[in-house]
Structure formats: C-alpha cells, structure tokens
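We have chain A already, so just place chains B and C on it with the hints.
Protein chains in written order, with the working numbering: chain A, 1014 to 1350; chain B, -9 to 285; chain C, 446 to 838.
Simulated from the structure, these hints should not be mistaken for laboratory data.
Values in this document were obtained by computation on a predicted structure and should not be read as measured data.
Hints are not guaranteed to be accurate.
To be verified - Taking lysine-lysine pairs in the DSS-like style, the calculated list, with each CA pair at most 27 angstroms apart, reads:
id, chain 1, residue 1, chain 2, residue 2
1, A, LYS1114, C, LYS837
2, A, LYS1114, C, LYS521
3, C, LYS551, C, LYS594
4, C, LYS760, C, LYS749
5, C, LYS814, C, LYS801
6, A, LYS1114, C, LYS551
7, A, LYS1114, C, LYS611
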Amino acid sequence: MSISSRTQTDIDRAAGEAAPVVPKAGSMFGFSRTQAIAFAIMVLLVVLCPWVLYPVFLMKVLCFALFACAFNLLIGYVGLLSFGHAAFFGMGSYITAWTVKHWGLSAEVAIILGGLTGAALGLVLGWLAIRRQGLYFAMITLALAQMVYFFCLQAPFTGGEDGIQQVPRSSLFGLLPLDRDMAIYWLVAFVFLAGFLFIHRVVHSPFGQVLKAIRENEPRATSLGYRTDDYKLIAFTLSCTLAGIAGGTKALVFGIATLTDVHYSMSGEVVLMTLLGGLGTIFGPVVGALVVTAMENYLAQFGAWVTVTQGAIFILCVLFFRKGIVGTVGGWFRLEL
Amino acid sequence: MFTILGIPGPLLFGQLLLGLINGAFYAMLSLGLAVIFGMLNIINFAHGALFMMGAFVSWMLLEYVGIGYFPALILAPLIVGIFGLVLERTIVSRLYKLDHIYGLLLTFGLALVIEGLFRNGYGSSGMPYRIPAALQGATDLGFMFMPNYRGWVVLAAVVVCFLTWLIIEKTSLGATLRAATENAPMVQAFGVNVPRMISLTYAGGVALAAFAGVLAAPIYSVNPNMGSSFINTVFAVVVIGGMGSILGSILTGFGLGIVEGLTKVFYPQASATVVFLVMVIVLLARPRGLFGKAV
Amino acid sequence: MALIGTTVPARAQTPTLKIGVLTDLSGPYKDIAGPVAVACVRQALEDFGVAGKGMNVEVVSADHQNKADIGVSVVKQWIDRDGVDMITEVANSGVGLAVAGVAREKNKVYLNCGAATSDLTGVQCNPNTIHWVYDTYMLAKSTGSALVKAGGSSWYFITADYAFGKALLRDTSQFITAAGGKVLGSATYPFPGTTDFSSFLIEAQASGAKVLGLASAGADTINQIKQAQEFGLKMTVAGLLVFISDIHALGLDAAKGLVLTSSFYWDHDDRTRAFSNRLKPKAPSVRPTMVQAGTYSATLHYLKVAAAMGVAQAKADGAATVERMKAMPTDDDAFGPGSIRADGRCLHPSFLWQVKTPAESRGPWDYYKLLDTTPANQAFRPLGEGGCALVKA
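Just chain A, same shape as in the assembly (with noise of 0.2 angstroms):
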C-alpha cells in the first residue's frame, strides 16, 4: 500500500507555510522577520492580558496552547497525527499533582517531573506507534492511549473517578507562593513561552529540517542515509515530553488532576485546536486553542450544543478551512506565521 507517499504530500499544501524557512545565521531565534513581529505581540498580549480577562481562563489557554504546539510539532513538522495526545498530558499532570499533594515538592521541580512522565511513556509508546505510518499511526496511538485511561481509571493513586482533588499550587523554588492567581500566572507565561520558543527552535534546527525531509518524503530521507525511525521517535519524545509539561502545569493552576486529561475527548480536542488554528504554523495552535476554550466556556452556559458545535467546526475545517485560522490569514497577506 501507498500510504505513506500520498500522505505526507497533502498535508504539506494545508501546512504550505511552514515550507522550509532556512534560518539564516544570525537571524532571529530562527524567525523571519514578520514572525518575530508576531511573536512579539505575542509576548505583549501575554503580559497584558490579565489586566483585562480573566487570569484563570488565560492559564488554561496557555496550558492548552502549549499542548497544542506541543501537538502540532509532530503533525505539522513530521506528519504523524497522534491521536492519544491525552495519555501524555494526562499522566503529566496526575504526576505534578501527586508530587506535590504527597510530597510537597516546589512548583517547578514537580512540572519537570510531569514532563518526564511524558517523556517516559512518550518512549515507550512511540516506540511501538512508529511502526506504522499515516492511519495506521492515528489508530494505534489511540488504542495505546485507550489503555493508559483504563490504567489512570483503576491505578490506586490516581484516585479513579473522583481525581486527585485539592492540590496546592505550592511555590516556586520553594520561597515564592504561588496562591494568588496573579502569581501562578506568571510562572504559566514563562512556560508557556520557554516551551514556545524551544519548539521553534527545534523546528529550524538541522534536526527539524532532517524532519521535515522525513515528513516530505521518508523513503528518500532514509536512502540518504537517516535513521528516520530514530528522528521520528526523538521527536515524538519530544512532544509528549511538553505534553506532560503542559499536562503538569494545568494540575497546578486548577489544583486537581482527572481522568478528564486522559480520556479520547482531550486528543480529539487537541487536534481541533492544531487543526482549527493552522496545523504546522507556528502561531496557529495557540489561536485555536484559544478559540476553542473560550468556546467551551461560553457555549458551557448553553448546555447541549457542545459537542454538537465542536463536530461541526471540525467538518467546516476540514472541508473548507484547512489551513486553519492563521495559515488563511496569513494566506491574504503572503506571510508565514
């Protein structure tokens, strides 16, 4: 079968904007020059912003944006969809919150442990998913996942239904407290940002041009003599490494952790919010993670219409909209973002 050739060239015409940006040395963190603009109103939009909405709805915004950035890297850059993305940041933030409920470890040192969560069983389940490519991938990513849910939903310490419940948001370097919304929101920006940033530069590093290669055509990235199982694998850590970062800090910022973050219905929103936002633009996930979390708060006064409103942006996307928010707008005015 052929799927792995007609795959990957389609995906490329939605994802059209990220064509290969050699970054120039000395260029700007590896950004042109209208994306460091973006990104810089980014940044400022970040720090202004909970002056004027609501700091725990942005927290969960950046957790989600990370999450998908995180999510995009592998579709948009190596142009694997993963559907078990929740497995990842679930575990994540079942780790942070039980590290720092039962051992009162500091902020920081607890996400660092939900991203290696992540990493870990990133390894292990990639490791059996790269295997195979394009649907085959998507569906044996979400059997694997299916199975972490059944684990998290028995596994003792998780606390099955009713969650891990009342976690403190503990401190930062164990001396700043992190109670007041305003404080945590902060720490949530830096890591946010960091992860942003980090993600960015992996794309335009040699390693993520050797991506790229895999994602436009792996028989010829591997007959010039790539690992590409390897680069795959790396990347695919990769992601669910940040997965789990993002995982862990929403466990913080809500103080709880539920098996909401593992179930099949976070993986599919993930890949709403990449795909609704722009897959493989740099700026698209974290638009359409904002579109659609401000939507689940609005429309949760609504009731009923959730899913239904959810199913049919996901059919408008895909049929008329496949360059997302970011890559159209970016589309009228020929800019990369």
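What follows is chains B and C alone, placed relative to chain A:
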C-alpha cells in the same frame, strides 16, 4: 465434570460461545470499516455513530410507525444506508483528493455531531427495545443455557459476513470494485461509473454497521453513546487484522471475540484491554497485521 | 459569559441572590440531573414565593461537560465576575469534589445533589459544603441490609472496576454480612468498555446466590438488567444505583422485579405527588429523579435560611449561611422533614423499592412499590466514621 486449567469444561465452552457471539459484532463492524477503507481510503470514525443510528432507527420504526424487529432488520440498514449515501455525496466525497488523515478528522467530527444531536433529542439513558417474540426463550445446550436470540445473532452475522465476502471476492461486481480500488481511472475508462460505485460502497459499509445496530438493540442499551464504546475496540481489531483483506477483518473480529471471552474466564478485569495487548504483540511481530498485504 | 470584566453586578436597593446550577446538560448524566434539575431550582423559587417576599433571586446554569477543569473555571467565573452565591447539583464525583474546593476557597455555599462519593462529607468535607441526596454508603446500607431482612440472604456481585464500583461492593458486602447474609462471590468487569455481561451473568447463576448485586451505574447497569432478563436469570436483581430515568429507558418488561434504593419517588405520598404535579408544566414528559428533586429541596432550604438571616448577610459569608442551614431543620414536599449534620450530610430516610410488573403498573411512570424504609438517623454513615475534620472541632 471435567476441567481445563481448573475451569469446569462446560463453563469454558459457554464462555467461548459467548465470546464468539460478541465477536460477531466486531466482525460486522470491522468488515464495514474494511469495505469503506478498501474503496474510499477513509477510516470511518463515524462508524460507531452509524451503528448507534441503526439501533435507534429500529426503535423509531417501532415507536412511531409500529414496524417490528424483522422488517427493521431490512429497513433500518436501508434508511441508514441512504443517510450514508447522502453523507458521502455531500461531504465525504470532497475529501478523496486529500490526505487520508482528513477523512479521519472529518468522520470524527461527524460522529460528534450525530451523537450530540441524538443526545439532545433523546437524552442519554436510552430507549427500551424488546427481543422479538419469535426469538425469546432459551435452549439448553447441555453445557449452558443459551438464549435463542444470541444464536440468531451469530447466524445472522455469519450469513451477512459471508454474503459480503461472496459479493466482493466472487462476483463480477466485486471484481470491478476491487479493480477500481487499484486503479480508478482505468476502470472509469472502461465505462464504469466509479463515483457512483464509491457512493454505493460507502452506503453498503454504513448499512453493515446499521445492521449490527439492529441486532444489538434488544440486548444492549439503545443510547446515543452505544457506538463509541465499540469503536476503539473495532479500531484495534482492524489494526490486528490488517486492512488489506475482507476475510481478515471477519476472522479477526470473531477471533478476538473468543480471546476476550477466554480472558473473562481467567482474568475478567483485563477483558477490555486484552484486545489492545494483542494489538501490541501483533505490531511487534508483524507490523502489517495478521492478514494485511505487505506495505 | 462575561470574559471581559465590565459586567460588575449593578447594586440595586435589594441585593440579588444568585444561584448557579452546574450540571451535565449534554452527557451521560443529562437525564438524571440536567435541564430538569434547573427546572426544579426554578420550582423552588416559585414555591418559596421569592417575588412575594421582596427577594431578588436569579438562576444561572451551565454545562460542566463532565470535565473538572471546566466546572472549576465556570464556578470561579460565576463567583468572581457574576456574583453567584450558591452552587447546586454537580453530578459527577470528579467535578463535584473539585467545586467543593472552590466553594471553600471563595467562601460560598455549595449544595451537592448529584455526586455519589461519600468523601464529600468525609475526608474532603468543608464548612461550605452540604451533600444533599445520596452517597455510596447510603446506597449500600439501604440495599444491603434491607434486602437481607427481606429474605435475600446470599449474594453475588457484578462490579465495575473503578472506585465507585469497588466502594459499593465493599460497603454492601459489609452490611450483608452484618445482617446475617452471605456474599458468595463477585465478578469484576473492566469499566468503561464492557457492553456484554452474559459471561458474568452465567457465573452469577452458577453461584446459586439468591440476589445479584449490580455495583455499577448508568448504561452498564441497563445492559446488565437487559441481559439478565434475556438469560432468564432466576435471581432477585438489586441495582445499587438506579434512577427512575433508567427504569424508563429499560421498560417494565426488562426491569420488573428489580430492587433499588432511592430517597425520592414521585408517587410516594401526597406531598411528593403535589410537588411532581407542580413541576409538570416545566418538565411535562418526565418525572423527577432523586437528584432533580434534591436540587429542589436544597434550594428551598437555602432560600428559607437566606430570607431568615437577610440576603446581604447570606451573600457575604457562605460558611455562616451553611452554619444556619445546619441549625434549621429541613422540610419540603420532595424529601419531607429532615436535618443537616455537622459534617454537611443532609439526613432523610432512604427507601428500598421494587419495580412493578407491567400488569401491576397503572400507567406511564407508575414504576415502584415500597419494600422497606431506613429511618433518617440510620440511613447514613455514622458521624464519627467519615474522618471529617469538622466533626472533631
């Protein structure tokens, strides 16, 4: 009474038989997925939702029109099949030139919409549906007490699976279908209306799911979420069987039902995860699946 | 929702009391709580006669989508931005416990009606939370001991493999043994993801037990009852958590003979019938479940206390309001007279019902006949055993 591995023989036979019956549902669902994938190259994530629609339509037929179970066995798949045809013509057909992944995402969205609408309209607890009078009661098989309805399910599933296999592998229509899968432009050049064939194939796969739904209605809770609990398992079945073969999906479906049934005897807690375990083992040993063609 | 913080509630002469109903409007708990629970809250406003008493009460509602983080964000925004004073319903243990934390942090009133976990009044209790309707302990006690008394001396369980199922199995077994009954065995099935229970039913039949206990809920229980009927199971089936909406979904044909515990049934006495009749215009096609009736009862009691202590004060201090609610005996048409304990447990009798046969039923929703009653002072976990910190104080 003889025992096998400490389990009384009759109990073991009973569980094997029940596993086979559950396997019938897996087989019908994964068969539908395989048919659709073979022809359209789309993983139909909405399959579970369409299975649910099959059950719901048979309930509606009874509730609103007074049409009973046996006519519903024909009518419900027909109605849901037509619904599938409309879906294919209006929405799914726009994706053929795109990456397969978009098909997955689109049908995922469809599943959310369909299930959400049914939950809004009919709530989440479900609807009552009785076993038809002709199939009530049970037969004593010596080693177990077997409800007649379960026997009927296996019989119906085997017949439908066999007919599907026969049509695809042994008739000229099937031959054209398979040829179109390999090389659509060529078949089109021979004067075959390939788009129409594709539509009908999608409708056929959907009808198979709906048929399974009608069979499920009297014994499983008819509620909007009933399909989503199946779909993950069926995906694993598809990965294990490999997508290349119609027969493969049927055999894997029945086989995994039996494996699951055995697990229920020895370690029931793992009976839902065993399918995924088998999937991991198969992936390690034979990445293309048990019956799949080489990549 | 007011994402932008410009909607500071306008201060009129009389402060407005705001009630937030956080429930499942789109998922698996929609039928046991959902829109009808919101209607029940409005019914409480009407029956209390807020307009006549010169009170201003507003009701908002939201769908938690069974996600704890959404529940927490909604409640935080309700409190911080919209001035909500009381949160009620919240089916789903994970969301229910998370909201308790927020109510404590923000010092508001939280009246949970839909969650099953007994931790709400146990290790995770707090001075802002009241657990109104049922919990795993009460279900286990009523079903376990009462049914043994009625002759169900030997049991076999089918248990969902997660905390809720295991808690029900553990507690019920304890009461069965204490009442002189025996537990002959239990089959644990993976949750979620099991739709076929026939192999467990066959094992149950083979065990020779008189009663089959279903330590599960929702669609799983419905499937088990449906299949027990199909396999011609000759046992009394006891569902540990079954709502009237589940019976409606099953139909009497499949559900007949089932034994279950509920603290409310619409056709129980004149008062419950009067309440259900008043509710009819708001929810014409259904009869309320115990969770929905519970939101009515809880809201009504809250309004009484708020009126007694003054709306401004009720708004200012949630813990003080809850303290007053505990001091005042409860009484309403849905749950009858009752009281609230120091740990936040609302006490009322629990009833053991049996589902009627189609022949016994006189019409739609005529489903239950009463088997036994556990009085309010025995229905719930003894105050000292829950490990609630409020009790020692």
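Hints, one by one, checked against the model:
1. LYS1114(A) <-> LYS837(C): Given that 27 angstroms is the threshold and the Cα spacing comes to 23 angstroms, the pair holds.
2. LYS1114(A) <-> LYS521(C): holds (22 angstroms)
3. LYS551(C) <-> LYS594(C): Outside the cut-off at roughly 46 angstroms; violated.
4. LYS760(C) <-> LYS749(C): holds (14 angstroms)
5. LYS814(C) <-> LYS801(C): holds (7 angstroms)
6. LYS1114(A) <-> LYS551(C): Roughly 21 angstroms separates the two Cα atoms, so the pair holds.
7. LYS1114(A) <-> LYS611(C): holds (24 angstroms)
Of the hints listed earlier, the one the structure fails to meet is number 3.
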